[in-house]
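Since chain A is already given, all that's left is putting chain B on it; use the hints.
Residue numbers (our numbering), protein chains in the order written: chain A, 20 to 617; chain B, 59 to 220.
Don't read these hints as lab results, they were simulated from the structure.
Accuracy of the hints is not assured; some may be wrong.
[Stated by the list, open to error] Just some of the chain B residues that point at chain A, by a computed CB distance under 7 Å:
#1 Val153
#2 Pro209
#3 Ile212
From the three backbone atoms N, C-alpha and C, an ideal C-beta is built for every residue, glycine too.
Listed below, chain by chain, are the residues.
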Amino acid sequence: MAENQRILVCAGTGCASSGALPIIDILIDEIKRQGLEETVSVVGTGCQGFCEKGPTLVIEPQQILYTRVKGEDVAEIIEQELVKGERVERLLLVDQETQKPVSSMADINFFAKQHRIVLHNCGVIDPKKIEDYTAREGYKAIEKALKEMSPEDALEEVKKSGLRGRGGAGFPTGLKWGFCRATPSDKKYIICNADEGDPGAFMDRSVLEGDPHSVIEGMLIGAYAIGADEGYIYCRAEYPLAIKHLGIAIKQAEEAGYLGDNILGSGFNFHLKVFEGAGAFVCGEETALMASIEGKRGMPRVRPPFPAVSGLWGKPTNVNNVETWSNVPHILRKGAEWYTQFGTEKSKGTKIFALTGKVNNTGLVEVPMGTTLREIIFDIGDGIQGGKKFKAVQIGGPSGGCLPEDMLDLAVDYDTLTQAGAMVGSGGLVIMDETTCMVDIARYFLNFTKKESCGKCTPCREGTTRMYEILDRITKGEGKEEDLDTLENLALTIKETSLCALGQSAPNPILATLKYFRHEYEAHIRDHKCPAHNCSALLSYTIDAEKCKMCSLCAKNCPVNCITGDKKTNTPYVIDEDKCIKCGTCMDKCKFGAVTRA
Amino acid sequence: MGGACCCENLVDPKQIELDEIINKHKYDNGPLIPILQGAQEVYGYLPAHVIKHISKAIRIPVARIYGVVTFYAQFRLTPVGRNLINICLGTACHVRGGAKIVETIEKELKIKDGATTEDGRFTLEVIACIGACGLAPVISINNEVHGRLSPDKIAGILAKYE
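So that you can see chain A by itself, here it is in the shape it has in the complex (with noise of 0.2 Å):
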């Protein structure tokens, strides 16, 4: 038996919810009952990526991935594993290739593939201990910054490195931390935007939860590049959990000497808080934020003046996201010449990704900047759920586009994919087959930005209301021949006209729709028919009475008691299509095929 292993148990959001915090409990005591407790420890991490085959564990220092682990299945694996040193099969990943199981996490596609320089603590360390994060090089690059370099030197280094804005727009992170450098006054801030509203991105708060010192760590770099001394960190009230973990993080920092007055005995001082927004996704947008944490609705204004002049209580400010903050450690702990080996021409270093949808490995991901959408849907997603096709992926959110098959072989970095329509926005990819209806989308989306638009600016608020009801009537099959040149002028006098980058890139999902799935918007129009058998409206269920078998088990599972019939009586089974919700769930429970749709 190997002397000093660890078991990570992931307990980030997602694994939380698939049950792996009785795990930990569980695995302690079995590990007390068996004697190891000196050479075994356990330890709760933030997410290992691997949402999908949630709860994962992974035991160290031989890297064995568990999968999908229950409770019942813990002291098989501490008998088997940790005493006799062998593999509990039936828990491991299997390759779809090979069929066989994999125990490394070096062979297995979803890691392997990955290059993680900000998950790099997330799964590994625990967020809640602060020894975990110095002793991987933990608060080594403020200690460098302090002690060797001057603000201009730290600054400069972060331009270098040419990181970009990871929120969304891509903005050089040195040159918006030079330009409020530059403004002259007696007090800055600096702001943590952790406001991650965008339906399907995770990684923000995966950062937060499993590895928040590195997020402290860089605004700790920024505030002293700038000259700022006070930080907020805006995040959600809906992540309870990273919120937890950000306030422990800050409490140990400012214990252990990090945060506060005289950092290091260097004279600098930086106090940090955390805001947590009261929901409002428009308050992502960095004045709305701002006006947020002023405690005003959160409506975004007109800039300039922009922030980096005037921005929270009318003083220069930096906001940054969560990921852009966390890039900055290392960057400034390795070099801008590091940092630039990785990623494309104008844009450089890693991107997390979070692998949604139809996609096999459900999950977060890390790649460098160029990685093509291909390389990470099929080699680390492993392709498509149930062996069906690939339709579209959808890019950075409500605010990106939908891109189909042809361009997979796209490198994804922030340049290219504005090009194609889309955008790496906060860094969602949502997979879609063959059932995925894309008007259905597009409505989903302007649902989304509908209700979201603050009111502010007219174009925002009248028009994605407008062009929500028109995508509604084509999925419900009352479209009319001129919609789609309605919705496109719609489209693009409101990306021309908002305020805001919300109401200018809410008809994103639309253009890009129309753009390459036109022809489904058509067969709406035209044929009343919905191609991916998706839209309510435009089908129907009906049973063969031919083929029923009169089994009833489409009856005891429809959810709405719509279907009746009797055995004894020998009268088929029917669909009351008035009650029908339209589900699908008699089709996939009968046995015989008789339920058929339209």
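Then chain B, alone, in the frame of chain A:
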């Protein structure tokens, strides 16, 4: 005032908690949102008398507080039912059939998004992302997450909550 009822001597414990929250944030820059969040934690929602009380204590007009309360999704002006159902309609849940889950639950409980059942048993809220995308489609009831759902599983899950 004569004929005072004995309860006048009793101080509402929630009121004490509220005043503690107000005093904690009163002198901060931008105290309103943290105070409202604290108040909602105490009362479960923001009753009119609480908003008036906060208004007096921090000298911000009720109208402005009301503006903030109605702007943010987190704040509610009506009480929640005994069980709060959050249906996730993040993008991942949407493409994996979240809309059918919404329809099924709405039919089952005969209420729409944002409403509470007449018996006060359930409040239904459709939200943008729980963050359990790997388990999509998911719902959470009183923060307990139920994942990998299909419409036929709903009735069984709801039956567990009284």
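Evaluated hints:
Satisfaction of the interface hint for valine 153(B) is found here, the shortest Cβ-Cβ separation to chain A being roughly 5 Å, below the 7 Å cut-off. Interface hint status for proline 209(B): upheld, as the beta-carbon distance to the closest one in chain A is roughly 4 Å, under 7 Å. The restraint placing isoleucine 212(B) at the interface with chain A holds, with a minimum CB-CB distance near 6 Å, inside the 7 Å limit.
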